[in-house]
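Enquirer: Given next are the chains, with one letter for each unit.
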Amino acid sequence: MSMADVAAEKTGTVWRSRGGGRRSTRTLRLRTSAVLLTATVLAVLLVPPLVQLDQQAVDLAAKLQAPSLAHPFGTDDVGRDLLLRCVYGLRVSLLVGVAAALTATVVGTAVGAVAGALGGWVDRGVMRAVDTISSVPHLLLGIFIVAMFRPGVWPVVASVALTHWLSTARIVRAEVLSLRARPHIDAAVSGGASRWRVTVRHLLPGVLPQAALAAVLMVPHAMWHESALSFLGLGLPTHTASLGNLIQEARGSLLAGQWWPTLFPGLFIIVPTLAVAGLAGAWRERINPRRRSELML
Amino acid sequence: MIRSARRLPWGAMARLAGRRALFAVPVVLVVTFGVFAIAAASPFDPVQAYAGTAALGADQETLDRLRENLGVDESFVVRWWHWLTSALTGDLGHSSVLRQPVTQVIGERLVWSALLCAVAFAAAVTLGTLLGVLAARRPGSTLDRAVTSLAYTLEAAPVFWIALLAVWLFALQWDVLPAGGLTDTASEQVTPGQVASHIVLPAGVLAVSQLPWFTLYVRQGVADALAEDPVRGARARGLGEGTVLVGHALRSGLLPVLTLIGSRVPELITGALLVESVFSWPGIAAATVEAATAVDFPLLAALTTLATAAVLAGNLLADLLYGLFDPRVKLSEM
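Chains as they are written, first to last, in this note's numbering: chain R, 1 to 297; chain D, 1001 to 1334.
Just chain R, same shape as in the assembly (with noise of 0.2 Å):
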């Protein structure tokens, strides 16, 4: 469960402080989530095309050099500046984030809402089935079904997004399943609206909202099954090195008492992670003021 789960399911109150500074607080968590994720797809899009350097550029004489004012993260047991490769990682991995969530997404959406719009025995069967599949613990199907398919780009993207639909295919279901109940509906069907015309121009509208959110929560998410799919040497191949990849390739070097090429790429992870929780709990008060949410960051 993420920690916007938590917030989602556990809010309530809202609490006064003294000094009132409740609401600066917010404000300022939400800039600073703001500022975060902006600052990390600006990098991840405009370092590798502007700046000119080879992230792979091997340099024995600098090999393992402590964080500097040269190489802000150090270098690698090859030389290599980590904070370039930490962009770059952060760029692999951010991609299979996104392509993960967006095809869960699609799968989700379109599974939810067939089973809510149907109904019925489609409705049972489709949720036994996600209820099924949810059974299993996510990181070990993903494990199981890359295995299987032998590591590589598309098997872990597959593997993260084959895992990661059920929770969207149930709050689609459950949203078409509140939607169908409004008036609006029974007035295009009884209009002469199809079953089909009905769920595509009035119902998926209105579930969007909840699948676009569902799907930015996930991002972090499938970056975090591909960085510990990467990291347990069932990911990507270490060409098109994600953060999991660095992480897993400085352990030989953590073991020798080097901390920096370990430490940043897990930062990277988490910076993102945090900016996105933020972001999300801020949008979900601005829809639905009456439920508070509780990120405190």
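Think of the hints as simulated: they come from the structure by calculation, not from any bench. Among the clues, some could well be false.
Derived coverage of chain D by chain R (criterion: at least 3 residues anywhere in the stretch with Cβ under 8 Å from a Cβ of chain R; other residues may be distant) [stated by the list, open to error]:
1. 1036-1042
2. 1167-1173
3. 1269-1281
4. 1301-1308
This structure is a prediction, so every number in the text was calculated from the model and none was measured. We put the beta carbon where it would ideally sit given N, CA and C, even for glycine.
Put chain D on the given structure of chain R with help from the hints.
Expert: Just chain D, lined up with the frame of chain R:
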């Protein structure tokens, strides 16, 4: 504790457990079937896996004979059925990577995983309750914000990364704890003392990975309870802050959280997969990763099934606790 005076509803609990076991059978059947279907759809070839490099020089006839001997010339549905029927007699096949029968692998390693998870979970629950209560005492205070921020940060941090940093700090920098394994490399026997010192780091890291959700739920539960009438009444009667906090707020705030424990089995398994791998803990989760790396299908299929069974058992436990702790819920209706 809560109902020491009342008898537990054993009958209703047994009936619920029985009903769930009945529902669990089709789930396990479908999951195992899915495992065989995925394997059949994948490029994985059992003959290649069995013969290894020897398969490169072998002629087609030998390979076909081998395929027949291994029983993999049939469709995956037939193989699934064979696997299932022999699993019922206690034969789960042979693990090629660990060179043992799969049942023996599980038998030898399950106890170490269970020990690790139990210690980690106990630590997470204890520490989480403590931190949650501290944070809930003064919502919005510096302490509350520190605890909550820490919880969110830990939740966002990958557990294998925390594990590696812990190894660096405790095993390499300070040299106070062993970096991995079950015993010292020189030691021949597994002694309780050795295990105790080797379990501290993996269990600690696993506990830290389970800590955030527990802390946040306890904080929320206790803070909500502190704002409710019974607590106001207790305060009005002049009861001390400690009594109010522990006797009233914690009690009503913690119970719903305790019932969630069972539903955390998937996260615990996920954490164990990564922690056992980092610390070379000889448990079942580390074996899963080894099996996956070596594409050891019999072992992987058995362990996936085992994990599914554990998740289902956890869900049952959650429902049982929920029914016991919340008088409004009738077990017979679940």
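Enquirer: If a hint holds in the structure, say so; if it does not, say that too.
Expert: Each hint tested on the structure:
Judged by the Cβ-Cβ criterion of 8 Å, the segment 1036-1042 of chain D is covered by chain R as claimed, because 3 of its residues qualify and three suffice. Residue count for the segment 1167-1173 of chain D with a Cβ under 8 Å from a Cβ of chain R: 4. That meets the three needed, and the coverage hint holds. Counting residues of the segment 1269-1281 of chain D whose C-beta sits closer than 8 Å to any C-beta of chain R gives 5, which meets the bar of three, so the coverage hint holds. For the segment 1301-1308 of chain D, the stated coverage by chain R is satisfied: 4 residues place a CB nearer than 8 Å to a CB of that chain, which reaches the threshold of 3.
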